[in-house]
Structures are given as structure tokens and as C-alpha cells.
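Student: The residues making up each chain are set out below.
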Amino acid sequence: MSDIVDAFSEAWQLILQLDPAFVEIVLLSLKVSTISVAIATLIGLPLGSALGLYRFPGQQFINIALNTLMGFPPVVVGLLLYLLISRSGPFGVFELLFTPTAMIIAQVILVTPIIAALTRQTIQDTWAHYHEQLRSMGCSATRAIPTLLWDKRATLITAVLAGFGRASGEVGAVMIVGGNIDHVTRVMTTAIALEVSKGDLALALGLGVVLITLSLIINTLGYCLQSSYALKTHSVLNSFR
Amino acid sequence: MFPLIFEQVSLGLNSQPKLLLDSINVRIEKAGTLLILGPNGAGKSLFLRLAHQLIKPTQGQISWAIPSKLARQQQAMVFQHPILLNRSAYANLEFALKLKNEHTKIEQQHLIEAMLEQMNLQEHAKTSANVLSFGEQQKLALARAMIIKPKVLFLDEPTASLDPSASYQIEQFLSEVATTSTKIIMASHDLNQAKRLADQVLFLHQGKILEHTEAALFFKKPQSKLGKLFLAGELLWKDNRSLL
Ligand SMILES: Nc1ncnc2c1ncn2[C@@H]1O[C@H](COP(=O)(O)OP(=O)(O)O)[C@@H](O)[C@H]1O
Ligand SMILES: [Mg+2]
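Protein chains in written order, with our numbering: chain A, 1 to 241; chain B, 1001 to 1244.
For the record, the hints were derived by calculation from the structure and aren't laboratory data.
Beta carbons: idealized from backbone N, C-alpha and C, even for Gly.
Think about it this way: if two alpha-carbon atoms lie no more than 30 Å apart in a straight line, the pair counts; the simulated BS3-like pairs of lysine-lysine are:
| no. | chain 1 | residue 1 | chain 2 | residue 2 |
| --- | --- | --- | --- | --- |
| 1 | B | Lys-1100 | B | Lys-1056 |
| 2 | B | Lys-1151 | B | Lys-1030 |
| 3 | B | Lys-1221 | B | Lys-1195 |
| 4 | B | Lys-1149 | B | Lys-1126 |
| 5 | B | Lys-1098 | A | Lys-152 |
| 6 | A | Lys-31 | A | Lys-198 |
| 7 | A | Lys-152 | B | Lys-1126 |
| 8 | B | Lys-1220 | B | Lys-1030 |
| 9 | B | Lys-1018 | B | Lys-1056 |
| 10 | A | Lys-152 | B | Lys-1105 |
| 11 | B | Lys-1220 | B | Lys-1208 |
| 12 | B | Lys-1100 | A | Lys-152 |
Partner residues are not named here, just some residues of chain B that face chain A (Cβ under 7 Å, in silico):
| no. | residue |
| --- | --- |
| 13 | Leu-1054 |
| 14 | Gln-1073 |
| 15 | Met-1077 |
| 16 | Ile-1083 |
| 17 | Leu-1085 |
| 18 | Asn-1086 |
| 19 | Ala-1096 |
| 20 | Leu-1099 |
Each pair of labels, with its calculated beta carbon distance range:
| no. | chain 1 | residue 1 | chain 2 | residue 2 | range |
| --- | --- | --- | --- | --- | --- |
| 21 | A | Ala-65 | B | Gln-1080 | 34 to 42 Å |
| 22 | B | Ser-1010 | A | Pro-90 | 55 to 63 Å |
| 23 | B | Asn-1014 | A | Leu-216 | 50 to 58 Å |
| 24 | B | Asp-1199 | A | Ala-38 | 53 to 61 Å |
| 25 | A | Ala-38 | B | Ser-1165 | 47 to 55 Å |
| 26 | B | Gln-1061 | A | Ala-128 | 27 to 35 Å |
| 27 | B | Asn-1014 | A | Arg-87 | 55 to 63 Å |
| 28 | A | Ala-128 | B | Ser-1181 | 30 to 38 Å |
| 29 | A | Val-75 | B | Ala-1125 | 53 to 61 Å |
| 30 | B | Ser-1015 | A | Glu-95 | 55 to 63 Å |
| 31 | A | Ala-128 | B | Ala-1125 | 24 to 32 Å |
Chain B on its own, in the form it takes in the complex:
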């Protein structure tokens, strides 16, 4: 599946001249957890959607080492706001497995029960997903993504609107995932979380990649001025175009 290569990728709207993503060139390898960092509106979500082929670039090429359709079948994504089906937690996981159509009914049952237990959701198996708490819903969304054992797991700020305890549980689970063969590509603007999880960092600002380096290096000595500001917490909401 890897490397994932972006070649001169741009994304724009017909209606406005400013590009949402601007001439992205990047090569992403299989090893390690990749964190996409950047302030709000930097283009993190759009980057993930492009990589996962939910949207197409207006210019440039995005390629996986295997045919793109095959690639997406082996990927899963968790969005910032969990989107669950109006049925039980169990049935939500079952739905993902049924779409894959790779397991017998009995195998599915074992996989689902094991996954619910791992996520500490077993007592909610029969609960309608709509009545779960927000944190439980996000755990369920993560469970649904992981139950198909994807080769790539995309996460778009999965803990952004969660309380610390739910956030912690998800982070724990993700560090376990990181030890398996699943590659994590995750957008975040939570620096502390990023420090704990990241092996590599891709730093985006206003649709441009400013850095793509080893995490340790980025956090110790960012190469860009904006990277420094971002780490200092001074780049979260403001428009810093003037600094460029």
C-alpha cells in the first residue's frame, strides 16, 4: 500500500481564487504514526479526505502503491463527530463486517464481542448507538473502524470534543493500534497528545506543508518560524498570514 505520494496536489473552490490546499508534495511511508498538525482551518481534514479518496484534488496526483480502489478498501476513517447508524452498538459493528463480507456469522460474532470488550463497551452491545454518550459513540466509531483490521486508520481529531477520560481511553487504544500493522494517520491540534503518539509530524498551515519530519525533531527544534509559534501555542485561532 505504501508509500502514499502526493505530487503537486492542490485543492480549490471554483468560486474563489485562494487554494484550500496548495501544491502539496509529500511521500508517506509505512512505518510509524503520522500526526497532521496545524491550527484550525489549516487543511488537515481536507488532507485526510484526499488521502482517503473521499474527495478529489483539483490538480496533481495522489497515488498509493496499489490500485486506489483496492487501497481504500483496506482503510478506515474516524471523523471528528461520530456518525453512527440508528441501531445497536453491536449492529453498528456488524454492519462494517457485513460490508466486507469476509467472515461467517459466527466469526463476526466473535470479532464483535472481542472488540466491544476491548473498548469496554460490552454492556452497551444492545444499546442504541444514538443514546450512548459522546465519548462512547466515538469509541464505537473507532471500534467500527478497527474491526475490519484496516492497513491504514485515518483519524480526524477523534478526541477533540471528548472529556479527558474518554480522550485518554481512545489514546490508550491508539497506542495499542500503533504496535500492530495498522498505520495511523491522524489530524490533531492537541500538542500534548501529538507528542505522546507521533512518530512523524506533518505540519500544515493555510493549505501548505511547512514541515514533514520526525516527531522528536519537530517538537525539539521546529524548522519553520510558524512551527515555532505553533508549538508556543500562539498559532491556534489567529490568521497569521502576515507572518509568512
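In isolation and in its complexed conformation, chain A is listed as follows:
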């Protein structure tokens, strides 16, 4: 029992004193996940928009691939990526294995499908609702993309936040392609896995607290966004109360 209490108090020490090793891990995590989500957003929004608006050959295939990838076990993504970028793999010459870049690639593969699929659904529904009006106004599907994205910004930001959640909380893939190397590729999730197996609960708990807080912040943001939007839509009703 006292072990746990000790671990907790030590964990708080790490957080409050901004222990350099601890901070380094947190910052690397945030950096890797932020870059991944940014790249995934840059791919996912246009890809999802195109899938939602146009009909083209191979579309069904991409849709199925995206849905499959969305539910793919991250360790398997890690494994496949490992085979591609390891020394003897087809992309071995780039020497990406066990670098933060490899981790970013893994997370992009995990997050892009989430953002693309949600964007596709949102854009498709909104276009179905708007298209006659927009075409009447001389606005083509392509010209409409920024308009549709902007009109559905609350939903799309929630999709991006969900992607960030998946990226920062993921352990299997980044463990395999990152290797959990101290000062190089050690992020929060992989550090927790390692520290627990070593029996050093303090650092693991400290990082756990940060991860939970992060998740809380993300979900609060998402919730606020959605509800402020809902509130706006219903403020006419509210004013009668």
C-alpha cells in the first residue's frame, strides 16, 4: 500500500518540479503527435472532401481501405511499417527506423483514416443538403469545398481532436518503429510501458497523469465546441425561458 502512496507522491514531485527527463518525454510526445495530426489533417481534409464530393474509379476501394485502417490494430500498422523501413526493407536506405520520423509516419497512418472518413461523411451530407442551392448560385462542387469545410468546422475540429487522442495515446506502433530509445524516441506511452515493467511506478504514474489530463482537455474542447454550436442554434428557444 505504501508503495502506491510513495509512487504517487513521487509522481507529483516529477510533475511539479518539472523534472527534465520527465519534461523531455512529454515534449517529444506532444511534438510527434502534433506534427502527425497536422500532416494527417492536411491529407485527411482534402481526401475526405474528394471522396465525399466526387465519383471516381477506385473510390470504393479507398473507402474500404480507410474504414479498415480505422479499426486496424496499431501494433500491426507498426509491424508493417517496420518491415518497410527496416534495413533490409524497400525504404531501408532512408534509415528511418527508430527515429521520431518513423513514429510520425506510423501515427499519420493511424490518424489520417479517422479524419478522412469523418470529413467524407460530413462533406457528403452537407453537400447533399446544399448542392441545389449552391449550383443555383453558380458554385461548383470544387469551389464549394472551402465553404462546406468552414460551415462544418465544429464537427471537423472534433475529428481532428479525436485524431490527436488516438495519436498521443497509442503505444504499439510507436514502440515498434520508434524503439523507445531514451532521449531519442521515448514518448509518454512507451515510457509508461517500460517503467511499469521495470517496477518504477513513479515516472509511469506521472506520465499517466499527463496523458489523462491531455485527454480530458481534448474532450472538454470537443464538448465545448459542439455544445456552443448547439447552444447557438437553440438560443432563440432559450430566450423564451
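On the provided structure of chain A, position chain B with the ligands as indicated by the hints.
Tutor: Chain B with the ligands alone, transformed into the frame defined by chain A:
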């Protein structure tokens, strides 16, 4: 732009033999407000969509006196249910002007402010279009259509789901539009409103044109049996195929 000519225009679905619009032949001239009348399901909305080139006929030709693409650019349409963008009333009007790309920013601002005032929406300039009342939304949709000064304004039962006051305001605005160079082509099943606004009437029933005449004539002495029934208010919801 005018005349607008429908030549043997039919519209059907692959899945069923019955035509939604059946061998429509009509010539529409520039002068006067045209009301498309007919009971629910007659094909009024489909007729407007064809004329505005939102859908294509399965048979026949629809032609404007100018190239069709050019024609549509000078037209606007207001639907039965207003479809507005998720942004302020002001920004909704701005969007229409930006698409046209014919005015400077300052000119746009003047046009928008004048239009909001004319529609009595000025205090809602910054309000999100989604929170406006249904009547205000429809007025905004009408404002957005008119702000580009279209040569043709298509209206699909714009007041069908509005309360009398909002309905009245829209009708007032439309009678002002009717005095300008904008041609109004409007679908309706509200006879009283039609009497007040129409110069000509096109009476549709089950996808066929039964009458196309001067409004005064239609309301005084309809030529078709179904036209008489329609004016008597006996043709609103029922399927009167047996009467044909
Ligand atoms: N997309 C569609 N698919 C199948 N039937 C349709 C479609 N649009 C309209 N219809 C049918 O065509 C007929 C005419 O429709 P519409 O033009 O909307 O009538 P209204 O005169 O009430 O505007 C109706 O019977 C309607 O059910
Ligand atoms: Mg209709």
C-alpha cells in the same frame, strides 16, 4: 434571355413507366409574373428545376434565347425550405456577391446593407442564419437571390410554410420585384396569393400542362375541367386521375 421554350419535354425515372412531366410544350415570354399552379405532386418543383437547369429532361429540349450557361448565371432561385450557410446573415449575402465577383468590397457592403434594410433584417446582420426564425430565413434567402439582380427569379412555394405576417412581407417584396426588370416565375398552390401576384398562369396537373393563359382569364373562366375543380378548391390532395 427570353423566350424560354420547352419542346416536347418529358421527365421520367428509370424505375417506373409513369412520367413525372409529360410532353411539355410551352413558350414563356419576358413580360409579367408567371405563376405555376397545380395541386401537390403536379410537377411544379420539377418544372422550375428544369427551367433553372438544376436537372436535365429525359426527353425534349429546353432552350433560352441565350446560351444556357450564361442564362443560368443571370438567374436565382428560392426554394421552399431556405438553405442558408452556417454564418451570419451578412456573410450569406456576401457569399452570393463574391461568387459573382462583379463588385468591389465597398460596393458589396453598400449592396448588402441596402438589401438587409429593404428586407427589414438590418438588426440581424451579424446574427447566425441558423438562429433566425423560419420567416426571417426565407426573407434572407430571397435577399440573397435578389442581391445579384437576376434577370429571372425562380420561387418554389416560398411562403408555403410561413406565418401570415412573414408571408405578407415576402409578397410585398415580390410585388416590388415585379415592377423591375426581373422576371418572376413562381410555383404556388395558394390561390389567393396567386391571384394577387400573377400576370400569367401555367396550370399543371399530374405532369401535364392543362392551361397556360393570362391570369385574369384563368381565374375568371378556366378552360379545363380540372382547372375549374382546382379553383373550387377540390383538387388539392386527392388523386383525380379518374377525372381525366
Ligand atoms: N427525386 C424524385 N424521385 C422520384 N419521384 C420524384 C422525385 N422528385 C419528384 N418526384 C415526384 O414527381 C412528382 C412531382 O413532384 P414535384 O414537382 O415536387 O411536385 P409539386 O408540384 O408538388 O412541386 C411527385 O409525384 C413526386 O413524388
Ligand atoms: Mg413542390
